[in-house]
Amino acid sequence: MVVKEVEVINPAGMHTRPAAEVVKVASRFKSKIFLEVDGYSVNAKSIIGLMTLPAVQGTKVKIIAEGIDEDAATDAIAELFNKGFNEI
Amino acid sequence: MSLNSNNGKGQIILSGIPSSVGYSCGKAFVIKKSIFNSKRSEFAENPEEEFERFTKTIDEYESQLDHYLSVVGKEKNPALAVLNSVRSILQDPFLRDEIKENIDKGYSAESAVEIVFNKYKNSILSIKNRILRERAYEIEQIKNQIIEILQTKKLSTYIPEHSIIVANSLSPDQVIYFRNKQIAGIITEVGGITTHSSILARSYGIPEVIGVSNATNIISTGDEVIIDGYKGIVVVNPVEKTRESFRLKVEKEKELKKTLGELINLPTQTKDGKHIDLQINLNTKDELENPVIYHSDGLGLVRTEHLVPLNEIWNQNNLEDSENFQYEIYNEVAMKMYPKPVVFRAFDLGADKFPNFFDFAENNPMLGFRGIRLLLSKRGFFKAQIKAFLRASVHGNVKIMLPMISTLSEVQDSLQLIEECKKELDEKGIEYHKGIEFGVMIETPAAALIVDLIAPYVNFISFGTNDLTQYTVVADRDNSFVSNYFEPFHPSVLRLLKKATDDAKKRKVKVGICGELASHSSATALLIGLDFDSISVSAPNFLQVKKWISEISYKEARKKTREVLKKASASEIRKYLNIS
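Same order as they appear, the protein sequences are chains A and B. For the first sequence, the residue numbers in the working numbering are -3 to 84. For the second sequence, the residue numbers in the working numbering are 287 to 866.
Among the clues, some could well be false.
[Said to hold, decoys possible] Quick look at which bits of chain B chain A covers, simulated, 3 or more residues with Cβ under 8 angstroms:
(1) 408 to 414
(2) 775 to 787
[Stated by the list, open to error] Some chain A residues well away from chain B (every beta-carbon gap over 10 angstroms; in silico):
(3) 16
(4) 19
(5) 41
(6) 43
(7) 54
(8) 58
(9) 65
(10) 67
(11) 78
[Unchecked claim] In silico BS3-like cross-links for lysine-lysine, where the CA-CA straight-line distance does not exceed 25 angstroms:
(12) B/405 x A/20
(13) A/28 x B/386
(14) A/56 x B/386
(15) B/720 x A/58
(16) B/414 x B/429
(17) A/56 x B/429
(18) B/626 x B/664
Everything labelled a hint here was simulated from the structure, so no lab data went into it. Please read these numbers as outputs of a predicted model, since none were measured by experiment. Virtual Cβ for every residue (Gly too), placed ideally from N, Cα, C.
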């Protein structure tokens, strides 16, 4: 299992469009991937789940992946966050 | 029959939240919420059949989205992103699995959809942040749409053109559908200004008033309705006098739009494609009725000392009332501009502006107790304003800017004061945008020369060229004896701009200008050449400056600026730039 902490940096936070991006990237991997905020975790491959995540700008989000491609999966999703979902 | 019933056909005035500006009138078309009768069909006998009904419904919904996608075109527009996000929710495999599980338990497709969507809706509603909570409306909308298709097999009924839609709330795809039906306006009972449907209404220029409670009961299909999307007012069955005054407003708005022409809808960029944020300086609330504002890239400077009626501030009983009074005003501006940025500058008082409010006299007020100096000395007064800004920032599009900075400690002290304000709001459980951006005016040489020291504390800087010029060349801008000394093209002013801009850019601080220097074509080239990220001008100059920017190439502007910076005098610079 791999855990990586990232921060939401785009001003609008993780609204629907970035959530869709996360799903798109997460779905490319075989691993189970979860995003966690303050102990509340959701499946990164489910957009409706991600929409319930309270991730505003500045929120710390844990990416948790488990499976054969867990390293690549965490890196790819961390990159999305670090790029501010291409919104900045 | 409800007391509000409209059978008497008298004029009724309703108020709500202005969500998309513009005036409009037309016949109402009321969409009653189709209430799902869960008792009648809570359970179903054949799970396989139910699941097939569900998958067919999703297919139908998706094919309707496809249809909308083909209508909105492939260009980058907000509708495209919205439709795609609705689609990705429909395709969410986990959502489908959960609905299937519930159907397998014996629930009808409608019940299963209700159960699962409500679960997600409720967990969104438990989020503290108000803006994120608005996503619950979107989930609710998609759910209603699915249930409607499940029950009637078609998305929307026949709607006559130029109708004013009255609904509990609308889904983004409904807004797109209605737009193609040429509707004249939208009135909803619930909703938030940050929801997709509101954003779309704004981007399509459909006037919209939201939060009009009980609208679908008070208004009947066929009623004549007037919408004022600037003020958030709805008039049902207007009397002749109302109609007449409204006609005048519509005429005026039409004329304004005509003079704006085609340029208004194009992005602001140079001939070779460099984008510049072209923003507007706002002084008074009346200016919010100028449509040009909504075609800009936001408000680069809101002069709060003009926006807020200061007399009334002094008349408030206490600081809390003053804060509430200001909050209402700032919030209205921020909501009307959403999602575009609004930079509120803290009161720039003293000097030539309202000196009589303060009980002191200065021999030389321009070099005296003004701007940030005055604010920091009246902390309670300053904090009331900052808290009002913070509260209005909840939607995420507000920025705070400070006037007349001349030393680093002013920036640090102000930041500390802002932190205090945030803490006080936290204690009261009042929400604000945690990532709110903060910047300062650079309008003294003292500040321009220490931008490298200020940079770590701010997100942006903005030049005020009038003051920067008068303090650099030592010529009172209002004194006719020295008016020929008041020279914004003096090499020293331009060198200050250059140094400060470079120092800011090196530290990834955004640079803007909100002074009058921008309102000359050659000066515009200079500002582009200096690499400003944003230019903020008064509304009447907006289109002209936009045109100038579109006629300049960034490459040429860079070259011109390099040449200008080599010149020895203002007259040489003016000659080179062809400025008389």
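Going through the hints against the structure:
Coverage of the region 408 to 414 of chain B by chain A holds in this model, with 4 residues showing a Cβ closer than 8 angstroms to a Cβ of that chain against a need of three. Given a C-beta distance limit of less than 8 angstroms, the hint that chain A covers the region 775 to 787 of chain B is violated, as 0 residues qualify and 3 are needed. The Cβ of residue 16 of chain A does not lie farther than 10 angstroms from every Cβ of chain B; its closest approach is about 5 angstroms, which violates its non-interface assignment. A beta-carbon of chain B is positioned within 10 angstroms of the beta-carbon of residue 19 of chain A; the least distance is around 6 angstroms.
Interface exclusion of residue 41 of chain A from chain B breaks down, the closest Cβ pair being 7 angstroms apart, not more than 10 angstroms. Taking the minimum C-beta to C-beta distance to chain B, about 5 angstroms, the non-interface status of residue 43 of chain A is violated against the 10 angstroms cut. The beta carbon of residue 54 of chain A is not kept farther than 10 angstroms from every beta carbon of chain B, the shortest such distance being approximately 5 angstroms. Residue 58 of chain A, annotated as away from the interface, keeps every beta carbon of chain B farther than 10 angstroms; the closest lies near 17 angstroms.
The beta carbon of residue 65 of chain A is kept farther than 10 angstroms from every beta carbon of chain B, the shortest such distance being approximately 19 angstroms. Non-interface status of residue 67 of chain A relative to chain B is upheld: no Cβ of that chain comes within 10 angstroms, the nearest being about 24 angstroms off. Separation of residue 78 of chain A from chain B is adequate, the least Cβ-Cβ distance of about 15 angstroms exceeding the 10 angstroms criterion. In summary, the hint linking residue 405 of chain B to residue 20 of chain A is supported, as the alpha carbons are separated by about 23 angstroms, within the 25 angstroms threshold.
Distance check on the hinted pair: residue 28 of chain A and residue 386 of chain B sit about 21 angstroms apart at the alpha-carbon level, within 25 angstroms; holds. For the hint pairing residue 56 of chain A with residue 386 of chain B, the CA-to-CA distance comes to about 33 angstroms; that exceeds 25 angstroms, so the pair is violated. Using a Cα cut-off of 25 angstroms, the hinted pair residue 720 of chain B and residue 58 of chain A holds, with the two alpha carbons roughly 20 angstroms apart. With a C-alpha separation of about 23 angstroms, the suggested pair residue 414 of chain B and residue 429 of chain B falls inside the 25 angstroms cut-off, and the hint holds.
A threshold of 25 angstroms between alpha carbons decides the hint, and for residue 56 of chain A with residue 429 of chain B the separation of about 30 angstroms lies outside it, so the pair is violated. For the hint linking residue 626 of chain B to residue 664 of chain B, the alpha-carbon distance of about 31 angstroms lies beyond 25 angstroms, and the restraint is violated.
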